[in-house]
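The listed protein sequences correspond, in order, to chains A and B. Residues 1 to 172 (the numbering used here) are what the first sequence spells out, left to right. Residues 1001 to 1428 (the numbering used here) are what the second sequence spells out, left to right.
Just so you know, the hints here were simulated from the structure itself, not pulled from any lab data. Glycine included, each C-beta is placed from N, C-alpha and C at the ideal position. Where hints are given, some of them may not hold.
[Unchecked claim] Sample of chain A residues facing chain B (criterion: CB under 10 Å; computed from the structure):
id: 1; residue: 4
id: 2; residue: 7
id: 3; residue: 80
id: 4; residue: 106
id: 5; residue: 119
id: 6; residue: 142
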Amino acid sequence: MPKWLSPLLKFDGRVGQLEEWLCILLVAAMAIVINLQIAARYVFDKPFIWPEEVSRLILIWMAFIGAAALIRRGGDIAVDTFVDMLPPSRRRAMLTIRDLVMVAVYSLVAWQGWSLAGNVAGMPLVATEWPTALLAWPVVLGGVLIVLHVMVRRASVWSGLPDLGRTPQEKT
Amino acid sequence: MSAFYVLGLLVLLFAGVPVAVSLILVGVTGVWLAGVPLAILGQRMAFGLDNFTLIAVPMFLLMGNLMNASGVTQRIFDFAVAMVGHWRAGLAQVNVLGSLVFSGMSGSALADAAGLGTVEIRAMTKKGYTPAFAAAMTAVSATVGPVIPPSTVAVLFAFIADVSVGRLFLAGVVPGLMMVVVQMAIVHWRGKSMVLPVFPRATGAQRLRATWVALPALVVPFFMMGGMRSGIFTATEVAAVGALYALILAGFYHRSTSRAELTGAFRDTALSTGGIMLIVASANVFAWILARERIPQEITQAVVAMNLSPWVLLVFLNILLLLLGMILDTAGILILVTPVVVPAVVAVGIDPVHFGMVMIVNMMIGLVTPPVGMALFVVSNISGAPIAAVARECIPFIIGFLVVLLLITFIPQLVLWLPDLVYGKALK
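Okay, chain A solo, but in the shape it has when bound (with noise of 0.2 Å):
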């Protein structure tokens, strides 16, 4: 293994962990915004009006944060069948073109979630009238993330590592 991946293993994993925990946070505030939403209309007999507009943006935060934090794990969904056909050296001929695929989609997801943000600049939720940017940096966030994670997975595949993208019920 060499020198410098060490380090770089080690930030992977803690960002990693960092997303993992973020997770947690929107999974649990997913939960107590809809129940509020509930208990103001029943219990207050007092309709608010922005919990829908938060739970939604709360799904797209954690759908790219996840999804990121998914495929550090290795959990891409994908068709493996017809590469676990390939004998070994095609296939991993074909994981490097897999992920140079990710790297290549997923940079300009961010970088066209990037100019979403910039379009749609001072305009407000219709709700909760904050910037409708907050639907556009998850977008950035998660294709960063994404790069990171699968770039880090390359390197230490090619420093002879074992390929963890795969699905993780395939790893045993």
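We have chain A already, so just place chain B on it with the hints.
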């Protein structure tokens, strides 16, 4: 041109490129070829998830994960022992009944297999069942989860096909019970060739007590369906209330739940949600091409022009879905196939709720069919039995489920009777 996009998507998928990436790549290519600004990519990905119904998915997942962590699984297990433990191959029957009860609180087959499954496999191997049979039973019985309400798969289908979540939930009750009866019959038959201990027959008082102890779990599906039917809650809200209820059970009632199990339940919820929602968002990019190239309309026209009977179309789609189910996971198939075929299905006069349930049962068969039977991987991991051995034990059940699939395909009333009874006939 539309053939080019569909072919491109298939090539990418079969080359092992993740589903979400394949969808974005083909979508972006279409946007670029059409000379439309790429900004569509960001918009479609962000705004595609901006929907209240979709929130039901993480909330139902959370509910199931929390129920698994709450220790309520042990009570369900004891309840099932009291009811069917004295039958031939009693523990296998307990496995079937336990999964049925648990499916009323959980929306995902894999969570069922991993949670309750751990209890079931341990108990079965201890009593002398082979690990492969114990694992196969657990995987097979868990497939009932997404058919019986609540179901995250049903929420996704209802979202994409724009049908009522409540109707689709109820549509799963009869098919789910049919799957249970089929499993019990096969276990009874398989049990002949196994010398296995059974539990003593429980007395009436013992059964009553087991029912009382498991009551917090048993009532859940009835409250949820009642809450949705009466209009007190939307599907999303019912899911959130259910999650809160599960948390209360876990935190205060059972007390045996560790902090790590609790945080694990929350974390797994977000990770599964991320996997599903990334595909939903990417499919929304791909949907831009579907709309521009009018692919669903073209398929619908072709189907109508062929003058197919609804039955021929259903048989064709069933075969296609079974094949897809062998190589791709449930969320992927659902999000890829539903928007393309539902317009054609409706055009030939098939009720989309009927088709949705046929599709869900079909995909559940895929969960226990190699090579990509996700449930097989899960139970094989828990039990230590090789996948091939587990898969072999699944064969009689797969055949049984195929019979159920045929029945519900050709007798729509099996699916539609209950939702029509509760909600009234659907408006055409």
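Status of the hints after comparison with the structure:
1. Look at residue 4(A): its Cβ only gets to about 27 Å from chain B, farther than 10 Å, so that hint breaks.
2. Contact between residue 7(A) and chain B, as hinted, is not supported at the beta carbon level, the nearest pair being about 25 Å apart and thus beyond 10 Å.
3. Interface restraint check: residue 80(A) against chain B, minimum CB-CB distance 6 Å, threshold 10 Å, status holds.
4. Given hint, residue 106(A) at the interface with chain B, holds; its Cβ is 8 Å from that chain's nearest Cβ, closer than 10 Å.
5. For residue 119(A), the interface hint holds, the least distance from its beta-carbon to any beta-carbon of chain B being 7 Å, beneath 10 Å.
6. For the restraint placing residue 142(A) at the interface with chain B, the shortest Cβ-Cβ distance is roughly 8 Å, inside the 10 Å limit, so the hint holds.
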